Structure formats: structure tokens, C-alpha cells
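*Asks:* Sequence:
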Amino acid sequence: MNQNKVKLYIDLLFCCVFLPLIIALVPVEKWIDKYTSFAVTLVLFLYCVYFLIRAVNIPQLVMRRKIIKVACIIGLLLVAAFLLSHFPYPDNIPPVMTGHPKLHEHLRSQTVWFMFLVASGYSLSISLLLELFRQIIVKKEIEEQKNKAELSLYKAQINPHFMFNTLNTLYGLTISKSDRAEDAFVKFIEILKYTYTQVNLDMIPIGNEIKYIEDYISLQLLRLNSHTKVSWEYEIEDESVLIPPMILITFVENAFKYGSSSTKDCNIAIKAELKDRELSFSVQNRIMRDNSESEMSVGLNNCNARLNLIYPERHILSVSECSGMFKVLLKIKL
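If you read the sequence shown in numbering that gives the first Met the number 0, its first letter stands for residue 0, the second for the next number, and so on.
Hints in this document: simulated from the structure, not taken from any laboratory.
Treat the hints loosely; a few may be bogus.
Claimed, not checked - Label-pair distances were calculated between CB atoms; the ranges are:
(1) Leu299 with Ile72: 55 to 65 Å
(2) Lys68 with Ser108: 22 to 32 Å
(3) Asp275 with Asp182: 29 to 39 Å
(4) Ala304 with Trp231: 19 to 29 Å
(5) Glu213 with Tyr8: 52 to 62 Å
(6) Glu272 with Tyr8: 26 to 36 Å
(7) Trp231 with Leu299: 17 to 27 Å
This one's a predicted model, so the numbers in the text were calculated from it and none came from an experiment.
Cβ atoms here follow ideal geometry from the backbone N, Cα and C, with glycine treated the same way.
Let the hints inform the model, and build the full structure from the sequences given.
*Replies:* So, in C-alpha cells, the structure goes:
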């Protein structure tokens, strides 16, 4: 339901329900019969008060520091209410209640002020609530635009970082004149195609991301010898579930960069599991070379920032290093 419909329903509620109930509290039948001009003027005045306050949006004027304008509007309404409370009686009207005519005039004046305060108070309350509602929507839209801008920045940082490392792999295979260079270029083309067709989307099927990780692992295995063993397992119950593109590759990339070796035996274990719309992704590797904190933190910080923006309070990211083992565990409630 948009804001315009909310306003319409609130106005209809006032016009058709709230104000008629208030009017029913006073001797309106006798006023209409004996004092028609006053009764009609009072009802029209109450509707004018409500819609005038709603139209000028006093809460917004106050926030904009338009105090003089607010004072003038309130002063105008008070003067109108005062004049209506002293509306002249026709000579032939009998008192509504027994007693002195002055008492009747006093009761009429109190009735006018009471109904004026109720109508203006209701209108001010509705205006305040709608203004708060509007401010919340504006704040949310600004936050969404900010998040989109930040996500675009993080994506822009991830792409060159990843492509630079992949090109380093190809360069090494080419320089060494490896027979696997041709296969590596085929894998690289597949990865490049994914990068420029999927990464600009906000969300993609998790099956696409799993295929992308598989291609990346295959590319890395082409340059590694038998010293590096890679365990890659995944169990995805629904490959159509959407996730952000390239949200997992940073951890895989770091595992190969700092956990592989061509001279010493080492293992890299990567596992992905999606069950009951909860994604669990883990990477574990022995640290085979010193990691540059500033360089390694670029991908990890970007990934963590994206997760905070997309899945606030819906994810857990644990990164630990103990006894030469580097472990990453990511859980996301999709």
C-alpha cells in the first residue's frame, strides 16, 4: 500500500466516521432545526481545519524552521474559532438547556472550542505520523542508494584483484611452456565470460556460482603439481536459490595463493552446503607462504562489507589462524 492510498483512507476515516461521531455528541439536531446557519458553518469549519492543517503539513514546516508561517496559520485558525464561538443567535431561538441565556452561550462557546481542538489535534497527529512515515521511507531509499553505491565499489575492487591473480597463473604457465597452457586459457575464457555476464547482477543462482568455483579450481590445478591436494565438495539441494555473485571466490582464491606449494605436500579443503536455505561454506588450508596482511585483507574486507550490507544479522563469518592452519567458515541464512 503506497503513501497516497494511506492518506486517502485516513481522510475518509475522518470525514465519514470520526467527525460525524464528534458532531453526534452535541445537540446538532436542534441546531440544524433552529440554528441552521450556525450548524452548517461549524461543520464546514471543522472540515476546513482538518484539511488545511493536512495541506500545509505543519510538522514539515516546523522541521524546516518556518516558524512564522506556522504561527500565522495557527493564529488564523484560532481567530476563526473565536469568531465562530461568538456566532450571533437569532432572536427567536429558545435555549437548548434551561437556565440563563448567558449560560447557553457559554456552553456553545465551549462546544465550539472542544470540537475545534479535537479536529485540529487529530489532523496534527495524522500529519505528524505521515511525516514520520515519509521520513522513514526517504531514509530507507537513501540507505538503499548508498548500499548500492558501496556494493558497486566493492565489486569494482574484487574484479581487478581476481583477474590479476588469474592472469599471473596464465603467465606462469606460458613462460614455462607448459602443455597445460591451452587448457588453462580455455578455463580462463569461461571464467572471464562469467565475470562480465554475471558479476554485474545483484543476485544469481547459486548453481552458477558453484560452476564458477569449479572452473577456478580446475584452472589452478593446471598449474599445480602433485604436491598440492585439493578437496572440493558441495551439496546443494536447490541450485536456483539466489546469492550475490563472487561472494565466495575470495576465500578460494586466498587458499590457493597462500596454501599451495610446488615443493611441499599440502592440502586445501573446500566445502559448500545448502540446506533449508542456509548456506555453509568452509575453506581450510595450511599456510605455505607468508601472507601480506594488506593485500590479503583487500578481498576479505570487501567480502565482509558486502555481507554486512546484503545480509545484516543473517550471516556469520569466522576467519581464524591456528598452528599454521588457516580456516574460514561462512554461514548465511538466505
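*Asks:* Now tell me, hint by hint, if it's right for this structure.
*Replies:* Status of each hint after checking the structure:
For Leu299 paired with Ile72, a C-beta distance near 57 Å keeps the hint of 55 to 65 Å intact. Distance hint check for Lys68 and Ser108: the Cβ-Cβ separation is about 28 Å, which falls inside the suggested range of 22 to 32 Å. A hinted range of 29 to 39 Å holds for the C-beta pair Asp275 and Asp182, which are about 38 Å apart. As the Cβ distance of Ala304 to Trp231 is approximately 26 Å, the hint placing it in 19 to 29 Å holds.
Taking 52 to 62 Å as the suggested C-beta distance range, the pair Glu213 and Tyr8 conforms, at roughly 54 Å. Our hint of 26 to 36 Å for Glu272 and Tyr8 is violated, since their Cβ atoms are close to 47 Å apart. Distance hint for Trp231 and Leu299: a CB-CB separation of about 21 Å, consistent with the stated range 17 to 27 Å.
The structure shown violates just one earlier hint, number 6.
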